[in-house]
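With the sequences and hints as input, model every part of the structure.
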Amino acid sequence: MPELLTPVNFQNTVVQGTVIGILSIGMTFVMLIGEIDLSIVSLAAFAPLMGVLSIQILGFPVVAGLVLTVVVGAGVGLLNGLVIEKVRIPSLVQTLATWWILAGVILVVTEGATKGGFPPEWNWLGSAYIGPIRAVLIFFVVFVIIVWYFSKNTKTGLRLYITGGNENSARAAGIPTTRIRILAFVLSGLIAAVAGYTLSARLGAVSPRFGTEWLMPAIAAPVISGVSLTGGRGNIINVVAGAYIIQLIVQVIRMAGIGGYYSELTQGLLVFVAILIDTLRRRMMGIQE
Amino acid sequence: MNESVPLVRVENLSKDFGAIRALHDVSFQLEQGKILGLVGDNGAGKSTLLNILFGRLQPSSGKIYFEGEEMRFKDPSDAMKKGVAIAYQFLELVEIAPLWANFFMGREITRKIGPFNILDNKKMKSLTQQKLSQYGFQTNVDREVRELSGGERQTLAVSKAIETNPKLLLLDEPFTLLSIEDTENLVTLIREINEKTSVSVILVSHTLSLIKEVSDCILLLKGGERAFFEAADSVSIDKMIEVICSK
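Sequence lines, in order, name chains A and B. Taking my numbering, the leading residue of the first sequence gets -7, the next gets one more, and so forth. Taking my numbering, the leading residue of the second sequence gets 4, the next gets one more, and so forth.
Incorrect hints may appear among the rest.
Partial list, derived from the structure: chain A residues whose beta carbon lies under 8 angstroms from chain B [as the list claims (entries may be wrong)]:
id: 1; residue: Asn145
id: 2; residue: Lys147
id: 3; residue: Tyr153
id: 4; residue: Ile154
id: 5; residue: Gly224
id: 6; residue: Arg225
id: 7; residue: Asn227
id: 8; residue: Ile229
Think of the hints as simulated: they come from the structure by calculation, not from any bench. None of the values given here were measured: they were computed from a predicted structure. We treat Cβ as the ideally placed atom computed from N, Cα and C, and that holds for glycine.
What follows is the structure, encoded as structure tokens:
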């Protein structure tokens, strides 16, 4: 695929990978505590939609719309976390319900149509260049560094790993595990909103179908990069690498003209193999569930 | 603290789980710097008692006095703040985390960088290395706990508990799965800690010979009730076995 290596295509591939990259990082935080968040795909559409509507209908300044986008993401994540931790509903069920509810709200609000006509300031991140480099790429790199630093060098970051590694031990050591687990969902929601915003800024629109195609890649990237499905293990930088492997596969299949169905099939197979490897690795290491 | 006031005084402590009475009217006291051996068959209420003393469970009735003041620990964090530490039967370590992260679990060291509190990983690693060496455990602290032997894990669990400078150290079945050599080392460690720090210890074990050897006094529970509470010197192993096995 020599055309992949042209500077323009290369930069496009890297830019397109930012959405999977950001969503995968959000998913990693819930996987670190041994859970999953399926609602991120509809949240990636819902949160920026709320931000845009606040600007277009309520006359909010763009900055306030952006803040609202992030707050909506974190708020939905908080709601997921509270229900999962306090009502004891499995994360798979709760986040699936949230996914559907939000997808329904989006359809009602947009009447199924793609929502566009955003202010230029909203779209700036998706269209601007800083020198020869796309602004969204610089934003992505800074975002990854901040999140990686948070996960490795803060008390809360370490406690996410410890809580995921053995919740009982963490609780016995005085770590507020319920709060830490709820926080993982807040981070996942917040980061999904960030991913949704970057995509909406690039496309200049929010589609009701936004994000749906990103769910499998967002699960596949952490899994193939070694994030344990039972929690406690994972590295943000590896997850970003995993996201780009997935993106590359999607891109290669698309450029080869094989068609989208094979892209889904390949990703599915990748997830299956990654889960198999993760399970066998844990068994070989003697790690108990 | 007034020397004449016991560190812990438990009065008529009971705990019910629905219709099941796990503890019934248990009373005892433990002086500062003394070791209490807590024995009994499976289901006698030993773990329930420890869990209440560590704030993991709330008693159904009865009172706990800690340093002379009536106390009810609302959770483990509260108990730890007031000077209680525990090393559990199943170790309560995170298998896939490195030693240093386990050693400082719940009491991580941070340093200020601007407005942010950042983990001082370097300091935590070097302190873990240094502290474990003091307990005779030389190792690479970046290793994951799953790579350690049973004895090494117990040493880590006990030294981790003692490093919180507790007034009361609860040890739940610390000799489980240990080799003879590791057991001897752990007994020496418990004695050294007790002598050096004057910490009071409640030691739960099925190994009656070790309990008798290490403890100052023995509390035997049977079916959730106190069967006896006596000085270790005045209790024989045969008597303990007789009471545990009696109908």
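Hints, verified against the model:
The interface hint given for Asn145/A is met, as the beta carbon of that residue sits about 5 angstroms from the closest beta carbon of chain B, less than 8 angstroms. Interface restraint check: Lys147/A against chain B, minimum CB-CB distance 5 angstroms, threshold 8 angstroms, status holds. For Tyr153/A, the shortest C-beta to C-beta distance to chain B is roughly 7 angstroms, which falls under 8 angstroms, so the interface hint holds. This hint holds: Ile154/A has a C-beta 6 angstroms from the nearest C-beta of chain B, less than the 8 angstroms allowed.
A distance limit of 8 angstroms between C-beta atoms decides the matter here; for Gly224/A the minimum to chain B is near 5 angstroms, and the interface restraint holds. This hint holds: Arg225/A has a C-beta 6 angstroms from the nearest C-beta of chain B, less than the 8 angstroms allowed. A least Cβ separation of about 13 angstroms between Asn227/A and chain B goes past the 8 angstroms threshold, and the interface hint is therefore violated. Of the supplied interface hints, the one on Ile229/A is violated, with its beta-carbon coming no nearer than about 17 angstroms to a beta-carbon of chain B, more than 8 angstroms.
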